[in-house]
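Given the sequences, and given the hints that come with them, work out the whole structure.
There are 2 protein chains.
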Amino acid sequence: MPRQGIALVLSAPSGAGKTTLVRKLLTEFPHIGYSISCTTRQPRAGEVNGKDYHFLTRATFERLRAENYFAEWAEVHGNLYGTPLAPVQDTLHQGRDLLFDIDVQGAAQLKLNLTEAVFAFILPPSMLELENRLRARGSDDEATINVRLDNARKELLEAHWYDYLVVNDDLDKAYEALRALYLAAGLESCRNPGLVETILTA
Amino acid sequence: MPRQGIALVLSAPSGAGKTTLVRKLLTEFPHIGYSISCTTRQPRAGEVNGKDYHFLTRATFERLRAENYFAEWAEVHGNLYGTPLAPVQDTLHQGRDLLFDIDVQGAAQLKLNLTEAVFAFILPPSMLELENRLRARGSDDEATINVRLDNARKELLEAHWYDYLVVNDDLDKAYEALRALYLAAGLESCRNPGLVETILTA
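Chains as they are written, first to last, in the working numbering: chain A, 1 to 202; chain B, 1 to 202.
Derived by calculation from the structure, the hints in this document are not laboratory data.
The structure presented is a predicted model; accordingly, all values stated were derived computationally and were not measured.
Hints are not guaranteed to be accurate.
To list a few chain A residues with every Cβ distance to chain B over 10 Å, as calculated [said to hold, decoys possible]:
#1 Leu25
#2 Lys51
#3 Glu75
#4 Leu99
#5 Ser126
#6 Leu128
#7 Arg135
#8 Thr144
#9 Ala159
#10 Asp163
#11 Asp170
DEER-style ranges, computed between Cβ atoms [as the list claims (entries may be wrong)]:
#12 B:Pro30 / A:Gln42: 56 to 66 Å
#13 A:Thr27 / B:Ala66: 50 to 60 Å
#14 B:Pro193 / A:Arg65: 56 to 66 Å
#15 B:Glu116 / A:Asn113: 24 to 34 Å
#16 B:Pro193 / A:Gly138: 32 to 42 Å
#17 A:Ala108 / B:Pro87: 52 to 62 Å
#18 A:Asn113 / B:Leu171: 35 to 45 Å
#19 A:Asn68 / B:Thr27: 45 to 55 Å
#20 B:His77 / A:Thr27: 45 to 55 Å
#21 A:Asn68 / B:Arg133: 24 to 34 Å
#22 A:Asn49 / B:Asp172: 55 to 65 Å
#23 A:Glu129 / B:Arg63: 46 to 56 Å
Note that beta-carbon positions come from the ideal geometry of N, C-alpha and C, so glycine has one too.
Given below as structure tokens:
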């Protein structure tokens with residue numbers, strides 16, 4: 001029996017450094033897959049159906065949602081987004097790992113549908129440091145920064161139910177932590193059915 | 001509130017390479033402590049009471065055992081050995097990590113008394129390879145090797161309830177795995193009470 005794939009779910013407030021950490025992880029472990037989401041929004045230039053997203057009509061999306069087709073879904077700026085459950089489960093059963101870069105609401109839905117997923121929350125070292133980072137980016141006006149900080153506070157209040165907390169104070173240390181929890185997940189007994197039996201008979 | 005210390009419990013059959021892996025872990029992370037056991041056996045030359053063991057009379061050991069003083073205990077070759085629970089809990093509450101290098105029976109008792117301990121089982125890649133390693137050591141006669149192999153089979157049948165399985169095929173890879181699960185344990189939410197609250201107010 002192959003090792004069960006890891007569903008690694010990462011959440012973080014904007015400015016915590018998740019994108020950089022995810023990029024480092026996928027560079028070191030290029031076999032980690034990304035699940036392809038469904039959306040009702042229009043494709044942007046260059047986006048390919050079935051690669052970037054599965055582009056669906058709202059009617060189709062709503063029918064699939066009613067059939068519990070999605071592991072999680074959300075409506076953002078009037079468009080529906082969802083993660084199909086069955087392809088995710090198939091991938092994991094084949095022993096392939098999947099990364100989910102997702103907000104706390106989506107993660108909470110995944111927790112109900114993918115009970116063996118690993119949930120990690122990436123934290124800034126302090127709210128003050130998060131504010132400094134958002135200002136240093138120079139890409140947001142004052143009002144947007146305040147909205148992001150408000151959202152960050154709300155998101156951090158959900159961090160307690162995640163399996164792992166990774167504080168991104170120093171990027172190298174935070175990456176070592178993320179790497180360690182990913183490697184540890186692959187060693188969990190529940191993800192290695194039949195391993196002991198194979199060793200006993202070999 | 002400080003991070004809760006990790007109780008890392010390692011078991012392995014003789015010949016799986018646990019001693020080498022433990023030495024590497026304690027060299028890289030010298031702050032990891034070892035709990036001092038109690039025993040009724042006589043001190044050997046050079047052994048210091050309170051450092052190598054707490055040497056107790058059988059009467060004292062049995063009285064303490066009756067008072068549930070021990071997190072685990074066992075009788076080996078007519079001598080009693082036990083791990084005191086209260087000092088272990090104090091050390092963990094202070095945020096200091098402790099390693100337990102212990103057999104499956106002792107580990108099973110620890111699981112009842114230290115519910116947040118992390119249990120890792122170190123496995124040989126196959127029974128054949130374990131046999132080859134035991135022969136290559138050249139320190140055991142045929143009968144002893146057969147006893148060790150029988151014991152290994154019995155111990156492996158308990159590996160399924162450990163949190164993590166580490167196959168020691170290649171020493172560097174096995175050490176990376178052990179290191180990862182130790183680091184991951186320190187990131188678990190349950191071991192970092194108050195971390196999110198601290199970040200929210202800083």
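Verification of the supplied hints:
1. Leu25: At about 13 Å from chain B, A:Leu25 clears the 10 Å cut-off, so the statement holds.
2. Lys51: holds (32 Å)
3. Glu75: The claim stands: A:Glu75 keeps its Cβ more than 10 Å from every Cβ of chain B (closest is about 27 Å).
4. Leu99: holds (16 Å)
5. Ser126: Answer for A:Ser126: violated, closest chain B Cβ roughly 4 Å.
6. Leu128: violated (6 Å)
7. Arg135: holds (17 Å)
8. Thr144: About 20 Å separates A:Thr144 from the closest Cβ of chain B, which puts it past 10 Å; holds.
9. Ala159: Nearest chain B Cβ is 5 Å from A:Ala159, so the label is violated.
10. Asp163: About 6 Å separates A:Asp163 from the closest Cβ of chain B, which leaves it inside 10 Å; violated.
11. Asp170: holds (14 Å)
12. B:Pro30 / A:Gln42: 56 to 66 Å: holds (58 Å)
13. A:Thr27 / B:Ala66: 50 to 60 Å: holds (58 Å)
14. B:Pro193 / A:Arg65: 56 to 66 Å: violated (37 Å)
15. B:Glu116 / A:Asn113: 24 to 34 Å: holds (27 Å)
16. B:Pro193 / A:Gly138: 32 to 42 Å: holds (36 Å)
17. A:Ala108 / B:Pro87: 52 to 62 Å: violated (40 Å)
18. A:Asn113 / B:Leu171: 35 to 45 Å: holds (39 Å)
19. A:Asn68 / B:Thr27: 45 to 55 Å: Since the Cβ atoms of A:Asn68 and B:Thr27 sit about 51 Å apart, the hinted range of 45 to 55 Å holds.
20. B:His77 / A:Thr27: 45 to 55 Å: With Cβ atoms ~53 Å apart, the hint holds.
21. A:Asn68 / B:Arg133: 24 to 34 Å: Cβ of A:Asn68 to Cβ of B:Arg133: about 51 Å, so the range 24 to 34 Å is violated.
22. A:Asn49 / B:Asp172: 55 to 65 Å: violated (44 Å)
23. A:Glu129 / B:Arg63: 46 to 56 Å: For A:Glu129 and B:Arg63 the Cβ distance comes to about 54 Å; the hint holds.
Hint violations for this structure: numbers 5, 6, 9, 10, 14, 17, 21 and 22, all remaining hints satisfied.
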